[in-house]
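With the hints as constraints, model all of the structure from the sequences given.
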Amino acid sequence: MWELILSKYNYWIYALLLIIGFYAMMAKNNLLKKLIGMNIFQWALIFYFISIAAKKGGTVPIIPGVHGHHGAEHLVVHAADYINPLPHVLMLTAIVVGVATTGIALALLINIYRRYGTLEEDEVIEELKR
Amino acid sequence: MIKKIVSIVIAIFATSALLIGVKDFPNWADPNQPASLHVSPRYIEETVAETGVPNMVTSVLADYRGYDTMFETSVIFTAGVAVMMLLRRPYKND
Amino acid sequence: MISRWEDIIIETLSRFLVPFMQIYSLYVLAHGHGSPGGGFQGGCIFAASFVLLVIAYDIFEAKKRFSEKINGIFCALGVFIYTGIGWLCLLLGGNFLDYGKLSKILPTDPVMARYYGMAGIETGVQITVMAIMVSIFLDLATAGRHEGALEEEDVGVDSK
Amino acid sequence: MIQEQFPALIVVTPLIMSFILFTVSWWNKRLCFPILLATLSACLVFAIGILDMVIKHGQPIHYHLGGWDPPWGIEYVIDHLNALVLVAVAVVAWLVALYAKSVVEKELHESKLPQFYTLFLLQVTGLFGITATGDMFNLYVLLEIASFSAYAIIAMGERGADFAAFRYVIFGTIGACAYLLGVGYLYILTGSLNMADLAQLIPKLFYNKALLVGFAFFLVGVGIKMGIFPLHTWLPDAYTLAPSAVSALLAPLFTKVGAYVIIRIMFTVFDPSFSIKLYPVMDILGWIAAIGIAFACIMALAQSDLKRMLCYLIVAEMGYIVIGIASANRLGLTGAILHIVNDMFMMACLFTVVGAIMYQTGTRNIYQFRYLHRTMPVTLGVFVVGALSVVGVPPMCGFFSKWYLILGTIEAKKWLLLFVLLASSLVNAILFFRVIENAYLEPRGEHAFAHDGGHPSISLDEVPWSMLISMLMIAAGIILLGIFSGVIIKHVIQFAVPASF
Numbered sequence: 001m002w003e004l005i006l007s008k009y010n011y012w013i014y015a016l017l018l019i020i021g022f023y024a025m026m027a028k029n030n031l032l033k034k035l036i037g038m039n040i041f042q043w044a045l046i047f048y049f050i051s052i053a054a055k056k057g058g059t060v061p062i063i064p065g066v067h068g069h070h071g072a073e074h075l076v077v078h079a080a081d082y083i084n085p086l087p088h089v090l091m092l093t094a095i096v097v098g099v100a101t102t103g104i105a106l107a108l109l110i111n112i113y114r115r116y117g118t119l120e121e122d123e124v125i126e127e128l129k130r
Numbered sequence: 001m002i003k004k005i006v007s008i009v010i011a012i013f014a015t016s017a018l019l020i021g022v023k024d025f026p027n028w029a030d031p032n033q034p035a036s037l038h039v040s041p042r043y044i045e046e047t048v049a050e051t052g053v054p055n056m057v058t059s060v061l062a063d064y065r066g067y068d069t070m071f072e073t074s075v076i077f078t079a080g081v082a083v084m085m086l087l088r089r090p091y092k093n094d
Numbered sequence: 001m002i003s004r005w006e007d008i009i010i011e012t013l014s015r016f017l018v019p020f021m022q023i024y025s026l027y028v029l030a031h032g033h034g035s036p037g038g039g040f041q042g043g044c045i046f047a048a049s050f051v052l053l054v055i056a057y058d059i060f061e062a063k064k065r066f067s068e069k070i071n072g073i074f075c076a077l078g079v080f081i082y083t084g085i086g087w088l089c090l091l092l093g094g095n096f097l098d099y100g101k102l103s104k105i106l107p108t109d110p111v112m113a114r115y116y117g118m119a120g121i122e123t124g125v126q127i128t129v130m131a132i133m134v135s136i137f138l139d140l141a142t143a144g145r146h147e148g149a150l151e152e153e154d155v156g157v158d159s160k
Numbered sequence: 001m002i003q004e005q006f007p008a009l010i011v012v013t014p015l016i017m018s019f020i021l022f023t024v025s026w027w028n029k030r031l032c033f034p035i036l037l038a039t040l041s042a043c044l045v046f047a048i049g050i051l052d053m054v055i056k057h058g059q060p061i062h063y064h065l066g067g068w069d070p071p072w073g074i075e076y077v078i079d080h081l082n083a084l085v086l087v088a089v090a091v092v093a094w095l096v097a098l099y100a101k102s103v104v105e106k107e108l109h110e111s112k113l114p115q116f117y118t119l120f121l122l123q124v125t126g127l128f129g130i131t132a133t134g135d136m137f138n139l140y141v142l143l144e145i146a147s148f149s150a151y152a153i154i155a156m157g158e159r160g161a162d163f164a165a166f167r168y169v170i171f172g173t174i175g176a177c178a179y180l181l182g183v184g185y186l187y188i189l190t191g192s193l194n195m196a197d198l199a200q201l202i203p204k205l206f207y208n209k210a211l212l213v214g215f216a217f218f219l220v221g222v223g224i225k226m227g228i229f230p231l232h233t234w235l236p237d238a239y240t241l242a243p244s245a246v247s248a249l250l251a252p253l254f255t256k257v258g259a260y261v262i263i264r265i266m267f268t269v270f271d272p273s274f275s276i277k278l279y280p281v282m283d284i285l286g287w288i289a290a291i292g293i294a295f296a297c298i299m300a301l302a303q304s305d306l307k308r309m310l311c312y313l314i315v316a317e318m319g320y321i322v323i324g325i326a327s328a329n330r331l332g333l334t335g336a337i338l339h340i341v342n343d344m345f346m347m348a349c350l351f352t353v354v355g356a357i358m359y360q361t362g363t364r365n366i367y368q369f370r371y372l373h374r375t376m377p378v379t380l381g382v383f384v385v386g387a388l389s390v391v392g393v394p395p396m397c398g399f400f401s402k403w404y405l406i407l408g409t410i411e412a413k414k415w416l417l418l419f420v421l422l423a424s425s426l427v428n429a430i431l432f433f434r435v436i437e438n439a440y441l442e443p444r445g446e447h448a449f450a451h452d453g454g455h456p457s458i459s460l461d462e463v464p465w466s467m468l469i470s471m472l473m474i475a476a477g478i479i480l481l482g483i484f485s486g487v488i489i490k491h492v493i494q495f496a497v498p499a500s501f
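Chains A, B, C and D, in that order, are what the protein sequence lines are. The numbers in my numbering rise by one with no breaks, and the one at position 130 of the first sequence is 130. The numbers in my numbering rise by one with no breaks, and the one at position 87 of the second sequence is 87. The numbers in my numbering rise by one with no breaks, and the one at position 57 of the third sequence is 57. The numbers in my numbering rise by one with no breaks, and the one at position 491 of the fourth sequence is 491.
Think of the hints as simulated: they come from the structure by calculation, not from any bench. Just so it is clear, the structure is predicted and the values come from calculations on it, not from any experiment. Positions of the beta carbon are idealized from the N, C-alpha and C atoms, including for glycine. There may be inaccurate statements among the hints.
[Stated by the list, open to error] To give an idea of the interface, some chain C residues facing chain A are shown, with a C-beta separation under 7 Å as derived from the structure:
1) G34
2) V111
3) I136
4) L140
[Unchecked claim] Here are the computed lysine to aspartate or glutamate pairs in the EDC-like style, where the Cα-Cα straight-line distance is at most 20 Å:
5) K4/B with E123/A
6) K28/A with D122/A
7) K28/A with E126/A
8) K29/D with E68/C
9) K3/B with E123/A
10) K33/A with E120/A
11) K3/B with E120/A
12) K29/D with E105/D
13) K3/B with D237/D
14) K413/D with D283/D
15) K129/A with E158/D
16) K23/B with E3/A
17) K3/B with E121/A
18) K56/A with D30/B
19) K204/D with D24/B
20) K209/D with D24/B
21) K3/B with D122/A
22) K64/C with E6/C
23) K104/C with E50/B
24) K4/B with D122/A
25) K4/B with E121/A
26) K63/C with E11/C
27) K129/A with D305/D
28) K69/C with E110/D
29) K129/A with D237/D
30) K28/A with E123/A
31) K56/A with D81/A
32) K4/B with E120/A
33) K3/B with E126/A
34) K56/A with E45/B
[Stated by the list, open to error] With beta-carbon atoms standing in for the labels, derived distance ranges:
35) D283/D with V9/B: 14 to 24 Å
36) F13/B with I95/A: 21 to 31 Å
37) A141/C with I95/A: 18 to 28 Å
38) S67/C with I5/A: 56 to 66 Å
Written out as structure tokens, the structure reads:
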């Protein structure tokens, strides 16, 4: 049991963060808090992907001392020595998407606040009914 | 109040789904997990020979999966245009 | 609206810092091939220099150095460079974004052509990220009401 | 030679043209619309070229982006299913663009137009990309492009649209993140992101619980984007309050492309035997669709706002497509795929008509549609075509897809689904009859007045030509699709259904 928890503890933490973000997104009444929950949600995902990349005994995915492919014909690289670069790349994309989402959501929030004078969800709905 | 209860129920449901999933994962940082064995070794071993770039993140980002990155930049562009459209007011003398 | 608050220490220090930040961002871009870095990071740092300028001075001062029209064109220019390199590869007879085909016009072999192709697209990414970050920041900070802009009632968005 | 490049060109052309359009708009705003229309015309040519190529070869087209082989690089795979959806998206997008010009100029401020057209092109780029791609992560990025442009242009609508758009942002992010989680679950188990590669690796992992969780995440994620019943809560508000041109673009296309993604994931990435034999996915989906259709029909009956009624109708139509999938046989899936295409045209037709009525009269309330058949006869004629198609009257296309769906449920012996299909057709008939009654039949008392003094002063007051032409072409498309549905099935859809059925 302990082994199960300890050997995968990254994934347990990610699940916890995901649920915190999800709960904030669903249950909070303040729209800004919903946005913060959304950010936690996205960062939990990024954390998960980065966890996949890790390898015991691996180092950062940059081959030292090489520039260009000339003179590197006899370079021998073992895949086990470097961590997996692919999730990092995917998460660069996901980070950018997260930034973009936050930007659009903030712009929408500014508009909402300007028009209805509040950021509480129920008050906005009240205002809309009138 | 009802919203909170529903959210908690959904959250508990989702947590249990996640936990069921996590049990079948490979261990964390296992060098022999499928993710480290199937596609990624070529990126690591061939990056210098095929692209000349020693930084694998850059070579995967800009070359092997460069098409993703193009759309990623377009995502930023989309967000910029979206924010402009949502917020920016036109000029008086326009 | 961010209005001006003069403080000589802050203004002098930030005026010092801005060129260093911009050079550092170019360094991050140029060394993206051999060390951590690249277009996104460099672009964000470059945008941060403008944000510093806006915070230390005010928006008009910053916009004198970087007008809105130029910024808008830069937004599209960066992605255009990226996509344009893809089209260039296509016109040279390869698939889309196949940088190896750039060796037909660059004085290098296909592998190094990939290297330079990547440098080109990273530059494009840097330009777009920089311009868009500045644009989003200015729009959010002023809520879109730049100097000389119409009020909401004239636009008629809110009256509906 | 150039035809081989079409799969990339169809996505990349609108992308690069959106940048050009954005730059050009700083100098000359009047050039925006011609650029938009020209780009979409080019896309139409590319899409037809791709369909032609697929039919001629009979094989999926593979296009390696950047020249890298599939599991390492990104690949576009276009088979009969993609090609059909690509053509449908291209046609509808072109028609809606033609329609959009006058409406947008009335509803949005002049200074917003360049940005609107830019986002229109980016939206179309996203939809084309989602349809063409053969890579799971690439699909996510394109889904986000399409969603972002949708958020922004929805928020430009009438009062309350920005709040609806914010809720759409929250729900859409949950959906996209759930999809990305599904990708992550597949990635950690197999180490691949390519759809064809995954399809070979997944059967070894059939009894892995994490795979099942990943599958559930896919369903939830794409389900939110396409608006299946319990996940549809963002849809009615967002599409009702959006500007007319925007809902005419998004309502037909975005949800249907989501339905395409569901089919792609269930039957290409995951083997059909996973979702049919191993777990009772199809039964659950069938129940969800049945409840969803019932719910959507009841909600639609309760609306007096025509556009909101149509939004609930979308939820019901998505339920039909899910029923076709849940029948899990050749006939049902044929019906589902045909319905994706037909529904694009039907929804485009109905939403453009609502936009046109809004444009002229400023109201969407059904009970204020008096004398509309005199002022706007052509518009209402188009509406009747669309309505008959949704109800399922033979020469229109809606009948044929429903026919296959019904045959599919009969073959699968799912009598509940059959009953839901038939009953909901009846409800649709009532829904549309209510509208047509209000628009065509005049109140008796006022009719008596008309005897001596002639009609009350009502004259022909139609919408601008570009809108009329586009609406008439959509209506013609509905009838043509109905007449040629046999041809489409014989040459395209027959090969689009997975071979194991």
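Does the alpha-carbon distance linking K4/B and E123/A stay inside the 20 Å limit? holds (17 Å)
Can you confirm whether the C-alpha distance between K63/C and E11/C stays at or below 20 Å? holds (16 Å)
Compare the distance between the alpha carbons of K28/A and E126/A with 20 Å, and conclude whether the hinted pair is satisfied. holds (17 Å)
Between the alpha carbons of K28/A and D122/A, is the straight-line distance 20 Å or under? holds (11 Å)
Can the restraint linking K204/D and D24/B be considered satisfied, given a maximum Cα separation of 20 Å? Roughly 14 Å between the alpha carbons, so the hint for K204/D and D24/B holds.
Tell me if the straight-line CA distance from K33/A to E120/A falls inside 20 Å. Since the Cα atoms of K33/A and E120/A sit roughly 10 Å apart, the hinted pair holds (cutoff 20 Å).
K28/A paired with E123/A [C-alpha distance capped at 20 Å]: holds (13 Å)
Given the proposed pairing of K3/B with E120/A, does the C-alpha separation stay at or below 20 Å? holds (14 Å)
Given the proposed pairing of K104/C with E50/B, does the C-alpha separation stay at or below 20 Å? holds (17 Å)
Verify the proposed pairing of K413/D with D283/D, using a straight-line Cα cut of 20 Å. holds (12 Å)
For K69/C and E110/D, compute the direct alpha-carbon distance and say whether it is at most 20 Å. holds (17 Å)
Tell me if the interface restraint on G34/C is satisfied: Cβ within less than 7 Å of some Cβ in chain A. holds (6 Å)
Comparing the model with each earlier hint shows no violations; every hint is respected.
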